[in-house]
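Note that the protein sequences, when read in sequence, are chains A and B. Positions in the first sequence are counted from 1; adding 159 to them yields the working numbering. Positions in the second sequence are counted from 1; adding 3 to them yields the working numbering.
Simulated from the structure, these hints should not be mistaken for laboratory data. Certain hints may be false.
To be verified - Covered by chain B, according to a simulated footprint, are these stretches of chain A (three or more residues, beta-carbon under 8 Å):
no., stretch
1, 186–199
2, 264–278
3, 317–324
4, 399–407
5, 416–422
6, 478–492
What the hints assert, rightly or not - Computed beta-carbon distance windows for the label pairs:
no., chain 1, residue 1, chain 2, residue 2, range
7, B, N252, A, S315, 34 to 42 Å
8, A, S491, B, D153, 39 to 47 Å
9, B, Y108, A, I487, 31 to 39 Å
10, A, V470, B, K280, 54 to 62 Å
11, A, P269, B, R89, 35 to 43 Å
12, A, S472, B, E210, 44 to 52 Å
13, A, N179, B, E75, 42 to 50 Å
14, A, E515, B, L313, 40 to 48 Å
15, B, E309, A, K353, 30 to 38 Å
16, A, S363, B, E309, 26 to 34 Å
17, A, Y181, B, G39, 27 to 35 Å
Note that the Cβ used here is the ideal one computed from N, Cα and C, for glycine as well.
Listed here are the chains, written in short residue letters.
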Amino acid sequence: MQKSSAEEILKITNLRVSFNTYAGQVKALDGVELTMRKGEVLGLVGESGCGKSVTALSIVGLLPQNAKILGGSVLLNGKEVLGMSKKDLETARLTEVAIIFQDPMTFLNPVLSIGSQITEIISARPELFTEKLVKHRLGQIGEGTDVSAGLDSERSHLEGALKRGNLGKKEFNRLAKVYAVSVLESVRLPEPVKVLKMFPFELSGGMRQRVLIAMSLVRRPKLILADEITTALDVTVQAQVLQLLRALRQEIDVSVLLITHDLAVAAELCDRVAVMYAGNVVEVADVRELFRNPLHPYTIGLLASVPRVDVSSAPQEAAIKGSVPDLIYPPSGCRFHPRCPRAFEKCPQVKPQLIEANPGHLVSCLLFEERSP
Amino acid sequence: MTQTDYLISAQNVMKWFPVRGGFLGRSSAPVKAVDGVSLGIRRGETFGLVGESGCGKTTLGRSLMRLTDVTEGRIFFEGTEITNVRGRRLKPFRRKMQMVFQDPYASLDPRQSIRSALTEPMNLHHVVSSRDEANRFATELIERVGLNPDHLARFPHEFSGGQRQRVAIAAALAVRPTFILLDEPTSSLDVSVQAQILRLLKKLQSELGLTYVFISHNLAVIRQMCDRTAVMYLGRIVEFADTGMLFENPKHPYTKALLSTVPIPDPTKRKELKVLKGDVPSPTAIPSGCRFRNRCEFATQKCQSEFPPLVETEPNHWIECHYDIDFSKGP
């Protein structure tokens, strides 16, 4: 099962991670299985503490100091990430995978302008600076538009340099600016030339989140990990960001792992959805299939708990009893069994495997293992 | 209706916060957090206040509770004006009005046992006459909110977020209030726990005949919980109706836009998420005329020059807009 096909951008097998805390060892991930195809938007949903973010951090090698990887494998574009050297990881983060967090202010440097933060990333990838790309970028800023007006000097300088055939450091800086503007434009920020000179505190929450998306696009990653990127935003701003992500999907070839606690956001944007509970992926299916025909008792309860704005209903009789278990002392067998309405005698004893219950529909529950041969 | 028909009512309430700044700390334009709100809350109902962050819903709630002095306007509780009641004379009203906040971590004292958190307000407001009675009532409360009497000896850190919110609700009930302000009571909770808490609040309301004001930014939760709902934008109520009416047939362009931006947990109902242009203006520089006009797709010259009137477009359905827009056609 260690082999990954060319169609898979990400393959996580039996990933187990724990955290050492003063209270004890938190068994955060308990054999996570997740496969992502190229070009898809995969939703990773679940409640707080279920391991969504830990999974994402493992992919980019950014787990905190007290984390311990107990086993498993993470294949990013066919390459094993776990145990990679620091240098290789840095290269992977520059070229293969980008991560965007919930709170843009913890990611943006408050004392640097947006422009210098973006060009910093560009200068880390000088290979993007080729004659072909310079021509391409110049072509992207249409002449006569408001945006290009602010870039006239850059344009004439770069065109001159191209003719002379010498592209040096100076030209690189000018190109970086042009590049930064075109990237800011691609995330629909109004007046991108002006935004380059602004500082993070001058932007609204929605604009900051768009700057972060732009910064992740600069590197042309093959995979974007979007960790709760709309959670801190108001609904109207959330809609702007979701709409942007939808549009970007059409424009660029990238896979997105959309981590969210909000099932409605996943329903709006994802091709497939993986549901996590207490450190396990418990169900994976096509988005329509998952919402129409959820199989795992946890998914069923979760879907019943989501209040809906489009239908009138009373709050449900507690669809899932109790609360998330303490992962220092996780329940034996299936970790959901103490809360499961359909638990039976085998559940506390046997840990269920993620099996294919219907074509393309994976579920980790003993109810379905019984049925299969 | 007159003031006495309502449990709580407000007349043209304004709450402006002065902004200090500039040369020698001279005051500049104030933040108009609440800018002229009138409403009446009926006994036994759940009244919803919904809006985006910064629209003034929390400030309005705090004004109704007399937790802050208002800049202008009048507030009545059970027909008595409480706008300028202060200090000791406010205490009997405090007993009848309680609050539950978003963050149960912040509203409980970490060094106080749950028993003490429940009995302290009882003694303070003399709702019990003896220690035995206080203990009996605390036990009754803790069971009522779905915990068990063993929990009384514990401290807040020993509880999960949902359990802590249950304790906060029990503490609010400890003085036998008639009214509870619920300010984003489930916003920090996971959906499965949120469903449990919402269910509990409904149950308590019918058992104890409580009146709620439910503040939330989550339209779906508002729809489940509230009898009547007011939508706030930049310090004013722009639309107000029975909840079903408001969600099925929104009349104000802002409400309409707000509703169409909410994601729906059903992938077969994917739609173009309607995007409002621009950002919410600063409450120090509210646009002239209709405050929504710079983001409204139907705005006309009139919206810029004239303050919109409050109109009842159908029985019990009020909007503050110059036009009664048929959204399939336009104004």
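Structure-based check of all given hints:
Closer than 8 Å: that is the beta-carbon criterion, and the stretch 186–199 of chain A has 0 residues meeting it against chain B, so the requirement of 3 is violated. For the stretch 264–278 of chain A, the assignment as covered by chain B is violated, since 0 residues bring a beta-carbon within under 8 Å of that chain's beta-carbons and 3 are needed. Look at the stretch 317–324 of chain A against chain B: 0 of its residues bring a Cβ nearer than 8 Å to a Cβ of that chain, fewer than three, so the hint is violated. A count of 3 residues in the stretch 399–407 of chain A with a Cβ less than 8 Å from any Cβ of chain B is obtained; the coverage claim is therefore met, three being the minimum.
Counting residues of the stretch 416–422 of chain A whose beta-carbon sits less than 8 Å from any beta-carbon of chain B gives 3, enough to reach three: the coverage restraint holds. Taking a C-beta to C-beta cut-off of 8 Å, the stretch 478–492 of chain A contributes 4 residues in contact with chain B, enough for the three needed, and the coverage statement holds. Evaluation of the 34 to 42 Å hint for N252(B) and S315(A) yields a failure: the beta carbon distance comes to about 57 Å. Take S491(A) and D153(B): their Cβ atoms lie about 24 Å apart, and the range 39 to 47 Å is violated.
Taken as a hint, the range 31 to 39 Å is violated for the pair Y108(B) and I487(A), whose Cβ atoms sit roughly 20 Å apart. In this structure the supplied range 54 to 62 Å is violated for V470(A) paired with K280(B), their Cβ-Cβ distance being about 29 Å. Against the hinted window of 35 to 43 Å, the Cβ-Cβ separation of P269(A) and R89(B) comes to about 42 Å, which satisfies the hint. Separation of S472(A) from E210(B) is about 21 Å and departs from the stated range, judged on CB atoms against 44 to 52 Å.
Distance hint check for N179(A) and E75(B): the Cβ-Cβ separation is about 57 Å, which falls outside the suggested range of 42 to 50 Å. Checked against the hint of 40 to 48 Å, the C-beta distance between E515(A) and L313(B) comes to roughly 59 Å, which is inconsistent with it. Distance hint check: the CB atoms of E309(B) and K353(A) are about 33 Å apart, consistent with the given range 30 to 38 Å. Separated by about 29 Å at the C-beta atoms, S363(A) and E309(B) satisfy the suggested range of 26 to 34 Å.
The given range of 27 to 35 Å is broken by Y181(A) and G39(B), whose C-beta atoms sit roughly 53 Å from each other.
Comparing the model with each numbered hint stated earlier shows that hints 1, 2, 3, 7, 8, 9, 10, 12, 13, 14, 17 do not hold.
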